[in-house]
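All chains, full assembly: derive it from the sequences and hints.
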Amino acid sequence: MTSTTEELQKYVGQSFSKVKQELESQGYSVREIRLGTYTTGGRVSMRPYLKLSSYNVDPSETSVSGLSSGAYFATQIQVAFSASIKGAGIIAGGPYNCAGQTSYTGCMHTSSPSITQSISNTKSWSGNKIDDIKNLAKHKVYMISGTSDSTVGPSVMAHLSKYYVTDGQLIPSANVVFKNNLNSAHTFPTDFDSSGNNGCGSTSSPYISNCAFDGAGAILQHIYGPLKPRNNGALSGKFIEFNQEEFITNARSNGMSTTGWVYVPKSCSDGDTCKLHIAYHGCLQGYEKIGDKYVKNTGFNRWADTNNIIVLYPQAVATNTINMGGGASIPNPNGCWDWVGWYGNDFSVKSGKQSTAAKKMIDRITNGFNPIDAPTELQVLATTDNSVTLGWRPVSGATGYNLYRNGGKVNGAIITGTTITDNNLNSGTTYTYTVKAVSSAGSESAPSNSVTGKTTGIPPAVETPNGLIAIDITSNSITLKWNAVSGVTAYNIYRNGNKLTSVSLTSYTDTDVRPATDYQYQVSSIKDSSESEKSIEVQATTLTEKVCVSDNNFNHVTAGRAYHSGGYALANGSKQNMGLYNIFQRTNLCRIRENYYVIE
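For reference, each letter of the sequence shown is one residue, going 34 to 633 in this note's numbering.
Among the hints, a few may not be true.
[As the list claims (entries may be wrong)] Derived Cβ-Cβ restraints for the label pairs, each shown as a range:
#1 Arg547 <-> Lys442: 22 to 32 Å
#2 Gly324 <-> Gly606: 30 to 40 Å
#3 Ser429 <-> Ser235: 51 to 61 Å
#4 Ser607 <-> Ser87: 33 to 43 Å
#5 Pro259 <-> Gly599: 21 to 31 Å
#6 Gly229 <-> Ser183: 18 to 28 Å
[Unchecked claim] Keeping only pairs whose Cα atoms sit at most 20 Å apart, straight-line, the calculated EDC-like set for lysine to aspartate or glutamate is:
#7 Lys383 <-> Asp164
#8 Lys442 <-> Glu570
#9 Lys392 <-> Glu279
The hints are simulated quantities; they were obtained by calculation from the structure and are not laboratory data. The beta carbon of each residue, even a glycine, is placed where N, CA and C say it ideally should be.
In structure tokens:
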């Protein structure tokens, strides 16, 4: 039944058994009175749900994920609000706005939906109905499709991949992972057992399974990069049930539950700078269908607990009547997120009812963001012929600092103190510095005040180039650029101390490089046959050229790509669980660097 505060008010003070009897006489099956109420001493009392709080969450560190209808909805939120989203994890989902072009069944099962109109809509709506699609180029996406999924099969997800990468050209291929070799049905894959879960090869409630694959971990690590190991024990934080009605009018009539859930790690409650991940459940997976299984058993909280990530679990509900203002001619009896148009033709853009509510929740949580302060009182403490020593005042809450010289970052590892000596400089040369504080979430502050420091000694006869940086790094090329020096005729390029070539421009692309290899570069100026001193050294590492092998786990171990422990095969380097150590379980292992393999 619909259980808003107003409807339940008449039952306050009455015995639970009497209320149960009355409701059952009206045709309801009553197991508990939960939404908006609780029982004490056998009587019904009102319990106001908590208002969703704001936290110190960096808005630029927000990501989404979902399964099935939740996957479609996650893609909608990602595209519609691309300026606010960092990346997405899509499990058994299809192309953006797919059901806006055809019957929703044409976006399911083993279909191959056309994405021509989806791409056209995305581009024509950009900057209006949806955020500017240029934002998508920075997104990271991890896609998972089970080989035995007949609900939203691999062919549907392949078209989502085309929408993102090859046909839509919205996101670089390097940013998208498509895991399409997991031997699973239509389910959320984990690598641990939970009470009541279905088998990995079964499409049945609660649609959460131990498939010997950590779906949540794969998604979060792809979006956010390396994370601290997950917490497999008791969690430090709290699960909070909050009121969703303040984010959408007539919540239940528009397919959203009265309440949602959020997991808040203790560090985030204590005020640390945190990230936000929103996990959208699939059809038949809301709290009113399977209880807290999606909220607690998917694995997101284990990673969130050790990595300062708040996990939001909005809740959808079934509507058994056709919404006359919607774009669908059928009801939503399974409590799916709106990827069809049940509650309006604008379901996939910013103005959609559920989309608007989703963005309001994001804004509420991130409203407490307290950007880390910029360092102050940066000053030069000492100089020599080839060094400048700097100091600054500490910033409360900073985990470290980054130093910038002439606009380029100087340090590799984070600076933990408040002083640093910048070495290997040219004599008699002026340099400009700023410093930025780094938060616990890895985000940088605004720059400090700017200072200049001039090394002692005689300046070189020819001015040395500055501002050398490496850009556009691939597995087989590194592009360098630097600031022009007035009056020079050419520049010499040095790699690992050896001269490569001379160029007249202020950029150079080195194509004679190997994947996953470190290189050191310097440049010098040439004027009237005289050469300046070499610039500061910049280091660049080429990207990994993935080498993937699909084989059974026994052969992977035999070949040295994995090892076995406790009856399971584990990938070398990443230690990802590949499943049982036998000749039947197959895994696609990819080497991303020497003796380091990941499951894809």
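Hints, one by one, checked against the model:
1. Arg547 <-> Lys442: 22 to 32 Å: For Lys442 against Arg547, whose Cβ atoms are near 24 Å apart, the range 22 to 32 Å holds.
2. Gly324 <-> Gly606: 30 to 40 Å: For Gly606 against Gly324, whose Cβ atoms are near 38 Å apart, the range 30 to 40 Å holds.
3. Ser429 <-> Ser235: 51 to 61 Å: holds (52 Å)
4. Ser607 <-> Ser87: 33 to 43 Å: holds (36 Å)
5. Pro259 <-> Gly599: 21 to 31 Å: Holds: the Cβ-Cβ distance is about 25 Å, inside 21 to 31 Å.
6. Gly229 <-> Ser183: 18 to 28 Å: holds (23 Å)
7. Lys383 <-> Asp164: Cα-Cα ~8 Å, so holds.
8. Lys442 <-> Glu570: holds (12 Å)
9. Lys392 <-> Glu279: holds (13 Å)
Hint violations for this structure: none, all hints satisfied.
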